[in-house]
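S.K.: Residue numbers (the UniProt record's numbering), protein chains in the order written: chain W, 1 to 226; chain U, 1 to 767.
Note that these hints are calculated values from the structure, not bench results. Fair warning: this is a prediction, and the values are worked out from it, not measured in the lab. Do not rely on the hints blindly, as some may be mistaken.
[Unchecked claim] Derived BS3-like pairs (lysine-lysine); straight-line CA-CA distance at most 30 Å:
| no. | chain 1 | residue 1 | chain 2 | residue 2 |
| --- | --- | --- | --- | --- |
| 1 | U | 534 | U | 434 |
| 2 | U | 367 | U | 425 |
| 3 | W | 213 | U | 568 |
| 4 | U | 494 | W | 213 |
| 5 | U | 433 | W | 209 |
| 6 | W | 213 | U | 88 |
| 7 | W | 209 | U | 497 |
| 8 | U | 74 | W | 213 |
| 9 | W | 160 | U | 500 |
| 10 | W | 213 | U | 371 |
| 11 | U | 532 | W | 213 |
| 12 | U | 500 | U | 367 |
| 13 | U | 361 | U | 540 |
| 14 | W | 213 | U | 545 |
Next come the chains, spelled out residue by residue.
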Amino acid sequence: LAKSCPGQETVTLYLRGVALRGRRPRPAPPSTSPPPASTSHPIKQEDNLTETRLVSHSQITRLYSRFTSLDKGENGTLSREDFQRIPELAINPLGDRIINAFFPEGEDQVNFRGFMRILAHFRPIEDNEKKSVAVSEPLNSRTNKLLFAFRLYDLDRDDKISREELLQVLRMMVGVNISDDQLGSIADRTIQEADTNGDNSISFNEFIKVLEKVDVEQKMSIRFLH
Amino acid sequence: KCALLRCAPRSLPVPSSSSSSSELSAPLTGMLCVLVLVCVSVASASRDVGNNETRRDAAGEESPHLTNSTSREKVFPVLALNYDHVRKPFEIALWILLALLMKLGFHIIPRVSNVVPESCLLIGVGLLVGGIIRAIREEAPVLDTKLFFLYLLPPIILDAGYFLPIRAFTENMGTILVFAVVGTLWNAFFIGGMIYGVCQIEGAQLASVDLLSCMLFGTIVSAVDPVAVLAVFEEIHINELLYILVFGESLLNDAVTVVLYHLFEEFCHAGTVTVVDILLGVVCFFVVSLGGILVGAIYGLLGAFTSRFTSHTRVIEPLFVFLYSYMAYLSAEVFHLSGIMSLIACGVIMRPYVEANVSHKSYTTIKYFMKMWSSVSETLIFIFLGVSTVAGPHAWNWTFVVFTVVLCLVSRVLGVIGLTFIINKFRIVKLTKKDQFIMAYGGLRGAIAFSLGFLLTENETKSMFLTAIITVIFFTVFVQGMTIRPLVELLAVKRKKEGKESINEEIHTQFLDHLLTGIEDVCGHYGHHHWKDKLNRFNKTYVKKWLIAGDRSSEPQLISFYNKMEMKQAMMLAESGSAGRLPALMSTVSMQNIQLKQSARGRAIPSISKSREQEIRKILRGNLQNTRQRLRSYSRHDLFMDPFEDNVSEVRFRKQRVEMERRMSHYLTVPANRQEPPAVRKVCFEPEHRVYTYDDSESPRGPAARPRPGPPETVGLLKETLPRPNQSGECRTKAREEQEAQEEQDPLKLSRCLSDPGPNKEDDLSR
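Taking the hints into account, I'd like the entire structure generated from these sequences.
M.R.: In structure tokens form, the structure reads like this:
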């Protein structure tokens with residue numbers, strides 16, 4: 001962790017939600033050590049404890065080894081090419097969007113913290129978390145999971161899934177053999193079903209509402225990250 | 001609950017009005033029917049005991065009144081009585097009729113069926129009938145094993161397997177398997193062992209029962225019964241997770257039961273058990289379950305493959321489904337594999353491909369016949385259970401029976417709690433205490449236990465075992481079955497969320513599937529989604545090409561789902577008969593949208609050029625005429641209306657066409673050419689993949705019923721017709737041949753929706 005986030009004076013390691021702060025060892029004199037690669041952004045010291053209780057200790061090691069195995073450039077960050085090297089993602093219809101979700105606005109590199117942050121959305125919800133009254137909702141709450149999915153539809157971040165955005169997603173999922181007209185009618189039907197306020201697009205609340213019968217906590221959780 | 005009514009499409013009005021008016025006389029007539037039937041069945045029972053077998057062999061001999069064997073006058077018998085000839089089918093039909101009349105009667109009396117589940121009522125009727133038969137000292141038909149396992153059980157299992165909710169089942173597969181295998185094993189050994197301990201108690205006169213017999217007994221009585229679970233759980237509408245857990249367990253424990261039963265039975269004869277035997281037992285378990293699934297899968301694939309070629313003979317399509325499934329069951333039973341798992345596997349594998357291949361009518365037929373048969377079977381099983389209870393030889397032993405019942409309950413509770421504790425460590429969504437309670441309480445025993453007990457070899461303990469089994473069954477079905485509904489309400493267990501299927505859910509669920517698969521790949525984790533995605537891909541690239549006919553083999557799942565939904569909606573629309581009544585049929589979501597979307601309606605009406613409008617009209621007319629020409633031939637193998645109905649419907653249909661033209665003219669400014677094309681018997685107008693079927697039941701609407709710019713639903717449907725002319729309009733700019741090819745394609749697409757094409761059509765077109 002210390003290696004992956006160079007340039008920080010203190011690295012906050014979260015072990016089961018308890019922050020252990022430690023000082024990073026002083027970097028060696030510049031002539032002998034490799035120049036530290038530029039990071040995406042420094043860790044904000046005032047990060048909220050509950051927000052960043054990402055994964056458990058055992059998972060950190062597993063994810064970190066995965067991170068390093070993906071990181072061919074060995075500079076402590078992942079670029080888009082690193083993700084595209086994963087073979088299954090290439091054939092996934094949503095592959096590009098998923099990759100883009102990892103990278104914050106306008107950035108081209110993601111460090112381990114950002115990597116874990118996205119994956120934390122998919123942690124199973126635990127019972128004690130459900131009961132605890134957190135200052136801010138944990139990343140893997142139902143609403144935040146749905147928000148993550150919503151953002152994958154809504155690329156222009158206007159908090160609405162418009163007809164065109166829906167059409168793009170449908171086209172990606174369905175392939176090239178279906179005509180535009182048919183996809184158009186499906187999209188129209190979808191919006192018509194979900195839209196309650198008549199603005200011809202699906203807002204986040206409407207999105208939550210149509211998925212209320214779907215068991216999102218189970219569907220959007222990966223046991224691996226438990 | 002009436003199984004048929006449950007499955008009826010929503011457009012069919014439930015005939016509640018008729019039943020309410022006849023409510024007063026219904027119980028009376030019901031009782032009368034029962035009495036009559038009972039008398040006749042009793043009479044038939046007595047008659048076949050009285051008849052000797054030799055009488056039947058005599059060639060066409062009638063009763064002695066009318067024929068004269070002694071005198072030489074040959075009087076021609078005008079009326080003769082020959083009951084032997086039809087005895088067996090007559091009695092079977094009578095029993096089934098009795099069962100169905102009972103079912104009917106229970107639903108006409110609503111108060112009773114709300115409190116007591118149907119299974120209890122049916123057992124009660126069976127007890128009554130059995131008592132009557134016994135009172136007149138005749139032999140009652142018993143629920144013998146062959147009848148049960150070969151004829152009564154398969155329809156129920158097939159129905160359950162064919163309509164199994166696959167998604168929920170596969171997501172909870174681990175939990176279900178643990179409960180089915182480990183849970184049943186625990187139950188069997190615990191009950192068997194403890195009963196043996198009880199038998200050793202002095203003073204219970206049970207010392208003769210040895211350990212192996214007790215274990216056999218434990219096996220028989222430990223299995224949760226799918227029939228009983230279905231009968232009770234269907235009525236309480238519990239949430240899908242609990243339903244699939246208990247029901248899935250009851251289905252999958254068949255393998256365990258079969259293996260253990262045969263194992264212990266062999267040991268009972270052999271006398272001793274060795275370690276090798278136990279190891280062989282474990283191997284046998286895997287062979288039985290996996291072999292059963294394999295047999296079912298083979299038959300399922302065969303059935304799917306066969307259905308690919310049935311486009312010319314639609315009438316016999318449903319039979320293939322039933323026959324292949326039944327063969328799967330019987331083939332598995334031949335090798336002592338698990339017939340139930342084979343049947344489930346066959347139904348599950350066959351279903352997606354068959355549904356893509358068969359016509360809509362065949363699909364409906366399959367659905368209704370399955371529900372019908374399973375309903376009849378269920379009813380008969382419970383009635384026979386009651387009859388057999390009265391008839392069977394009983395040996396009541398207080399200690400044994402009471403301890404059996406208590407031990408069943410205790411072992412079930414302990415098993416569920418223990419297993420849930422272990423399983424919750426691996427589950428994402430944990431099972432709460434309420435869930436555990438319902439699962440423990442829902443472990444009902446039923447007719448399978450009884451039949452297995454009946455299969456036991458005759459010895460002195462068999463009667464005692466049978467009595468205990470029957471007591472357990474009665475206890476679980478009556479006490480637990482009756483109290484589960486108030487308990488569910490008391491504990492506020494989550495109920496099944498009813499709702500129309502929604503395209504949103506389908507799209508978003510698929511979206512989430514892809515998303516999760518991608519995230520799993522990023523993590524490098526080969527989890528549930530990863531394998532499901534691989535299976536889907538394999539299915540799409542290889543299997544579908546082989547098993548699905550025509551161009552539907554490459555149709556994405558989303559598109560077929562959408563088409564199905566649209567077709568259902570179009571048929572509802574057509575059957576309702578008018579746009580004015582439309583809001584009643586639409587989902588509540590769309591309902592809200594109607595009021596709110598007044599302003600949005602402007603967008604729904606596109607402006608199209610005059611040339612395209614003419615194109616629309618031309619294509620409309622062309623299709624209608626084509627259809628008409630095709631339908632003129634009549635053949636016994638086609639499910640068309642008979643010619644008499646044709647004249648009646650012609651007039652009606654002409655009015656409907658006028659109506660349709662009027663609706664279209666709202667959106668088209670080119671006035672319709674008023675030439676009246678000859679009326680067609682039946683129209684199937686399908687732009688792209690939409691179906692707009694005018695059914696015979698549609699009421700004719702006079703000219704006065706001019707719809708205002710209809711609600712968006714109509715707009716939506718009709719708007720979808722318009723894009724096609726856009727497409728064909730573009731074709732106009734291309735070569736002339738292309739346009740003709742386009743029009744040729746429409747009949748092709750028409751043939752999809754014309755469920756039962758006549759032979760001529762297939763000659764015209766080559767698919």
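S.K.: Work down the list of hints and note, for each, if the structure agrees.
M.R.: The hints, checked one at a time:
1. 534/U / 434/U: violated (36 Å)
2. 367/U / 425/U: Judged against 30 Å, a Cα distance of about 39 Å means the pair is violated.
3. 213/W / 568/U: holds (22 Å)
4. 494/U / 213/W: holds (12 Å)
5. 433/U / 209/W: holds (28 Å)
6. 213/W / 88/U: violated (51 Å)
7. 209/W / 497/U: OK: residue 209/W and residue 497/U at ~14 Å, within 30 Å.
8. 74/U / 213/W: Between residue 74/U and residue 213/W the Cα gap is close to 79 Å, so the pair fails against 30 Å, i.e. violated.
9. 160/W / 500/U: Holds - the C-alpha atoms of residue 500/U and residue 160/W are around 24 Å apart, at most 30 Å.
10. 213/W / 371/U: Holds - the C-alpha atoms of residue 371/U and residue 213/W are around 26 Å apart, at most 30 Å.
11. 532/U / 213/W: holds (21 Å)
12. 500/U / 367/U: Holds, at roughly 18 Å.
13. 361/U / 540/U: Between residue 361/U and residue 540/U the Cα gap is close to 26 Å, so the pair holds against 30 Å.
14. 213/W / 545/U: The given pair, whose Cα atoms are some 33 Å apart, is violated under the 30 Å limit.
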